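Chains as they are written, first to last, in my numbering: chain A, 4 to 385; chain B, 4 to 385.
Because the hints were derived from the structure by calculation, they are not lab data.
Just so you know, not all the hints are guaranteed correct.
Any copy will do: because identical chains look the same in the list, a pair fits if it lies in one copy or spans two.
[Unchecked claim] No more than 27 Å apart at the CA atoms, straight line, and that leaves these computed lysine-lysine pairs for DSS-like:
#, residue 1, residue 2
1, Lys330, Lys64
2, Lys316, Lys64
3, Lys330, Lys58
4, Lys168, Lys271
5, Lys173, Lys330
6, Lys370, Lys271
7, Lys58, Lys168
8, Lys58, Lys368
9, Lys385, Lys287
10, Lys385, Lys90
11, Lys173, Lys271
12, Lys58, Lys308
13, Lys330, Lys287
The structure displayed is predicted, hence computed values, not measured ones.
Protein chains: 2
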Amino acid sequence: MRILILGGDGYLGWPTAMHFAALGHEVSVIDNYLRRNIARETSSEPLFEAPNLIKRAALFKELTGHSIEVFISDCADYDRLAEVVQKTSPEIVVHYAEQPSAPYSMQNRHTADLTIFNNIGTTFNLIWAILEHAPDAHIIKLGTMGEYGTPNIDIEEGWLEVNHKGRQQKFLYPRQAGSLYHTTKVLDTDLLWFYVRTYGLQVTDLMQGPVYGLSTVESDLSQDLMPNFHYDDIFGTVVNRFLVQAVAGVPLTVYGGGGQTRGYLNLKDTLQCVELAASNPPAKGELRILNQLTEIFSVNELAEKIHRVGNSKGLEVTIKSIDNPRKELEEHYYNVEHSGLTELGLQPNFMTDEVLGEMLDTIIKHKAAIDVEKILPRVRWK
Amino acid sequence: MRILILGGDGYLGWPTAMHFAALGHEVSVIDNYLRRNIARETSSEPLFEAPNLIKRAALFKELTGHSIEVFISDCADYDRLAEVVQKTSPEIVVHYAEQPSAPYSMQNRHTADLTIFNNIGTTFNLIWAILEHAPDAHIIKLGTMGEYGTPNIDIEEGWLEVNHKGRQQKFLYPRQAGSLYHTTKVLDTDLLWFYVRTYGLQVTDLMQGPVYGLSTVESDLSQDLMPNFHYDDIFGTVVNRFLVQAVAGVPLTVYGGGGQTRGYLNLKDTLQCVELAASNPPAKGELRILNQLTEIFSVNELAEKIHRVGNSKGLEVTIKSIDNPRKELEEHYYNVEHSGLTELGLQPNFMTDEVLGEMLDTIIKHKAAIDVEKILPRVRWK
Chain A
4 MRILILGGDG YLGWPTAMHF AALGHEVSVI DNYLRRNIAR ETSSEPLFEA PNLIKRAALF
64 KELTGHSIEV FISDCADYDR LAEVVQKTSP EIVVHYAEQP SAPYSMQNRH TADLTIFNNI
124 GTTFNLIWAI LEHAPDAHII KLGTMGEYGT PNIDIEEGWL EVNHKGRQQK FLYPRQAGSL
184 YHTTKVLDTD LLWFYVRTYG LQVTDLMQGP VYGLSTVESD LSQDLMPNFH YDDIFGTVVN
244 RFLVQAVAGV PLTVYGGGGQ TRGYLNLKDT LQCVELAASN PPAKGELRIL NQLTEIFSVN
304 ELAEKIHRVG NSKGLEVTIK SIDNPRKELE EHYYNVEHSG LTELGLQPNF MTDEVLGEML
364 DTIIKHKAAI DVEKILPRVR WK
Chain B
4 MRILILGGDG YLGWPTAMHF AALGHEVSVI DNYLRRNIAR ETSSEPLFEA PNLIKRAALF
64 KELTGHSIEV FISDCADYDR LAEVVQKTSP EIVVHYAEQP SAPYSMQNRH TADLTIFNNI
124 GTTFNLIWAI LEHAPDAHII KLGTMGEYGT PNIDIEEGWL EVNHKGRQQK FLYPRQAGSL
184 YHTTKVLDTD LLWFYVRTYG LQVTDLMQGP VYGLSTVESD LSQDLMPNFH YDDIFGTVVN
244 RFLVQAVAGV PLTVYGGGGQ TRGYLNLKDT LQCVELAASN PPAKGELRIL NQLTEIFSVN
304 ELAEKIHRVG NSKGLEVTIK SIDNPRKELE EHYYNVEHSG LTELGLQPNF MTDEVLGEML
364 DTIIKHKAAI DVEKILPRVR WK
């Protein structure tokens, strides 16, 4: 199949591109290096430098024989995106092309402006590029579990059947996110749902939990094919950040009470989920929403896991609660329906001690590169 | 009080400006003539030409002694809006500065792009201009009843208390609008709700039904102070359009079955509602949502009313159903809670035969100016 990946340089985009190429699909990627630029701007570079996308694709071709066509271009510019869609004529488009950092979106007006107009812009442009140039393509959009926030009722899979005064209505599950970044994903969902029901687009919206991991079958082929591994306060997700703190010998910094509970998944399972969505498309005019996570943990549970595994490797891991820079509930109800991907065949890679241990081993090799200045929160929700 | 009105040249903006100025408030308006430009671009000029905003304000000053300060500037440009907010230091901001036509938003990619980025842009810029330069101001935002769509349960006033599997959660009432324009208002509400709960803004979001009317106390002073009266398919709301059709001797064009049911209100009541919201501000950190309508009618009921009143004036009014250019339910449940404004003291001006008769009399004076080419739908939701 012809697959176009928007945001193909990212933590998820690049492993996804290699995964589909290795399966024999015709893969193209587009990226404007926005995340690399923001990482430099905010002094949040990843633990090890990844070669640029053109070089990574060339190396991947050399090692596996599989091609990935690279477009360095901006999806927020309609003409440039439309040109790539016309050239590649995709059957599937995977949309990761968004500014992905919650703290960056909350830093100031300029970063908020960039986040909202980039993210709505890439989604809006993609909708129109598909309507105009590839109307039968299946859009697979990366949303986030953060769209739902932490309501006091069960989080259902995208939709909520409401019984009210003796009558019934099925709604898009009401969303209330905790950062501007997460709110842009809410706006994306609203927008996709409008265009799906009005123009008959075919969309899968994946509500993904925080991802951890360093290893996929293809990235294991070479250090230079590994995903960008961020451990900073801007781009680093909590598990990756804690593991680096464990290696660096600084306390695992729990924000506030540590009861914040979320659904997590291994990077390998992101690839599996996107592949399952691609091979099982929704109908035309259907917005299919899948909650993409495999296990639920509180921040304290994560810290304790990493404390245990780190100490078993001779690291002296400590845990420290710090003032929560975010505005969020630190104790809350959290029960999430997520059977959709399991029914499609997802075989989870759980967060075992072995998995965490292997990640620690990789990070230990790069210990000298860790910059502890990047770890503590530099942005507060005020 | 110091009141700044965004979109002060509009059908609602200009009468609101005069109303507050006549009450003795210090009123400023900002407008970039976007609606006038789109009206010319789409050949949808109003029934009679309104002088430009500077001339209207000068005439109003001459006739009443009350000043309205005019800024011809673009709220979608942050620096220009921030400059006006700094200069005027408002205690209340009334935000009408949006592209208001559903058909225009559905015409093509360019008009969709203009609508979404103008509307999200003005709202986002206003949020930040208030945060940075007038943090204690009360924002009164014009939303639309169209945000809710036509769900099969009662439409509550902004919020929905959900009982689900034995647990409870109050959500922003789930919204599902029928055009891209209406969807931009859904996005506005999502965005305002995020900034209200995170940064403590003080916001009233008015979910307004379609407005009809030509007359307010101040606009009655001179033909040149009257609101822009649109009867075309792009900007004309259904009652205004039907009245012009009655005068022009062309059939009242009901879209499809005519069972589409909405809540309506008189232009005079828009002024009353905005004034009531202004004198009864919500708390800091509160998003107060009020459903702004006074009576509920189906399109068929409206057509029959205007048929009756028109014929009593010797007009030969006929009614004709045409293919519905929109994608909407033509028969649906519609029961709307709207007690909030009544509790604040709203005294409705109902759609009586007398009110419709007076509107017909005014339109008859301008009969020669009616261009019947503008009336039939030129945009289809496809």
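**Prompt:** Should Lys330 paired with Lys64 be assigned to within, between, both, or neither, using CA atoms and 27 Å as the limit?
**Reply:** Answer is neither: 45 Å inside a copy and 48 Å across each miss the 27 Å cutoff.
**Request:** Check Lys330 against Lys58 for me: Cα-Cα at most 27 Å, and say if that holds within a copy, between copies, both or neither.
**Result:** neither (40 Å within a copy, 48 Å between copies)
**Message:** Within, between, both or neither: how does the pair Lys173, Lys271 come out at a Cα-Cα threshold of 27 Å?
**Reply:** Answer is neither: 33 Å inside a copy and 36 Å across each miss the 27 Å cutoff.
**Message:** Treating 27 Å as the Cα threshold, decide for Lys385 and Lys287: within, between, both or neither.
**Reply:** between (43 Å within a copy, 15 Å between copies)
**Request:** Pop the pair Lys173 and Lys330 into one bin, within, between, both or neither, using alpha-carbon distances up to 27 Å.
**Result:** Cα proximity of Lys173 and Lys330: across copies only (19 Å, versus 30 Å in one copy).
**Asked** Is it within, between, both or neither when you check Lys58 against Lys308 at 27 Å Cα-Cα?
**Response** This pair counts as neither: shortest intra-copy Cα distance 37 Å, inter-copy 71 Å.
**Prompt:** How do Lys385 and Lys90 come out at 27 Å by Cα distance, when the copy is not named: within, between, both, or neither?
**Reply:** Close across copies (26 Å), not inside one copy (45 Å); limit 27 Å.
**Request:** If the cutoff is 27 Å on CA atoms, where do Lys58 and Lys168 land: within, between, both or neither? Let me know, please.
**Result:** Neither, since 61 Å and 53 Å both go past 27 Å.
**Asked** Given identical chains, is Lys168 near Lys271, meaning Cα to Cα at most 27 Å, within a copy, between copies, both, or neither?
**Response** Answer is neither: 45 Å inside a copy and 33 Å across each miss the 27 Å cutoff.
**Prompt:** How do Lys316 and Lys64 come out at 27 Å by Cα distance, when the copy is not named: within, between, both, or neither?
**Reply:** Neither way: Lys316 and Lys64 sit 36 Å apart in one copy and 81 Å across, limit 27 Å.
**Message:** One pair to classify: Lys58 and Lys368, alpha carbons no more than 27 Å apart. Within, between, both, or neither?
**Reply:** within (23 Å within a copy, 73 Å between copies)
**Request:** Pop the pair Lys330 and Lys287 into one bin, within, between, both or neither, using alpha-carbon distances up to 27 Å.
**Result:** Between copies, since 17 Å is at most 27 Å while 39 Å is not.
In summary, the numbered hints that this structure violates are 1, 2, 3, 4, 7, 11 and 12.
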